[in-house]
Amino acid sequence: EVQVVESGGGLVQPGGSLRLSCAASQFPVSNNYMTWVRQAPGKGLEWVSLIYSGGTTYYADSVKGRFTISRDNSKNTLYLQMNSLRAEDTAVYYCARSDCRGNSCYVFDYWGQGTLVTVSS
Amino acid sequence: DIQMTQSPSSLSASVGDRVTITCRASQSISSYLNWFQQEPGKAPRLLIYAASSLKSGVPSRFSGSGNGTDFTLTISSLQPEDFATYYCQQSYSTPITFGQGTRLEIK
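If you read the sequences in order, they're chains A and B. Numbered according to this note's numbering, the first sequence terminates at residue 121, and the numbering increases by one at each position without gaps. Numbered according to this note's numbering, the second sequence terminates at residue 1107, and the numbering increases by one at each position without gaps.
Please keep in mind that the hints were generated in silico from the structure rather than gathered at the bench. No false leads were slipped in.
Derived, one-sided and incomplete: chain B residues facing chain A with beta-carbon distance under 7 Å:
{"id": "1", "residue": "Leu-1046"}
{"id": "2", "residue": "Thr-1094"}
{"id": "3", "residue": "Ile-1096"}
{"id": "4", "residue": "Phe-1098"}
{"id": "5", "residue": "Gly-1101"}
Below, simulated DSSO-like cross-link-like pairs (lysine-lysine); rule was C-alpha separation at most 27 Å, straight line:
{"id": "6", "chain 1": "A", "residue 1": "Lys-43", "chain 2": "B", "residue 2": "Lys-1055"}
{"id": "7", "chain 1": "A", "residue 1": "Lys-43", "chain 2": "A", "residue 2": "Lys-64"}
{"id": "8", "chain 1": "A", "residue 1": "Lys-75", "chain 2": "B", "residue 2": "Lys-1042"}
{"id": "9", "chain 1": "A", "residue 1": "Lys-43", "chain 2": "B", "residue 2": "Lys-1107"}
{"id": "10", "chain 1": "A", "residue 1": "Lys-43", "chain 2": "B", "residue 2": "Lys-1042"}
{"id": "11", "chain 1": "B", "residue 1": "Lys-1107", "chain 2": "B", "residue 2": "Lys-1042"}
Ideal Cβ placement from N, Cα and C applies to all residues, glycine included.
Based on the provided sequences and hints, a complete structural model is requested.
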């Protein structure tokens, strides 16, 4: 069964750093687009970052220059390195596979359960 | 950036009702539109991709239509498990954007 499992969330002070992990099963992250989406408490979904199978990366303006998406093909794991964290980064962070279906490769078809990041002093 | 606007923001309906949720893009996105369902405390679940293609395993009471800037998600006969929040998402270009969500509640 295709599955992704996030980990690494927690409480961090403003200005601090955190690295999220997303372990994938039954498909290779190296051959797929992968993405991070977040959801602040009681709010809607916000796209954060995406990595192509070829390694090209994209970021939302709200995190550009602070967050870095990467992957370790040997561990079949996706990462999100988050630096200079702010209170407004507080959210549940979801990892998802971004599949190519129909005419787009931005179809988020399998999601993890999410990991909560709280930025507070 | 492409703005996605859903209407209504919330909706009350009864089991067995037919409901329609609308999503409008700020510019043409052809059929690059996906729909998600999110139950409280759970991850989003893909229902429909490319505006009208049903993901495998999703009940046939869900359907999508539209092209260009205007799209709809229709649930033909509401079931108890359908009361949740629904989001549209444009998959045309980055930054990828979502609608603000439509909360479907039991009347």
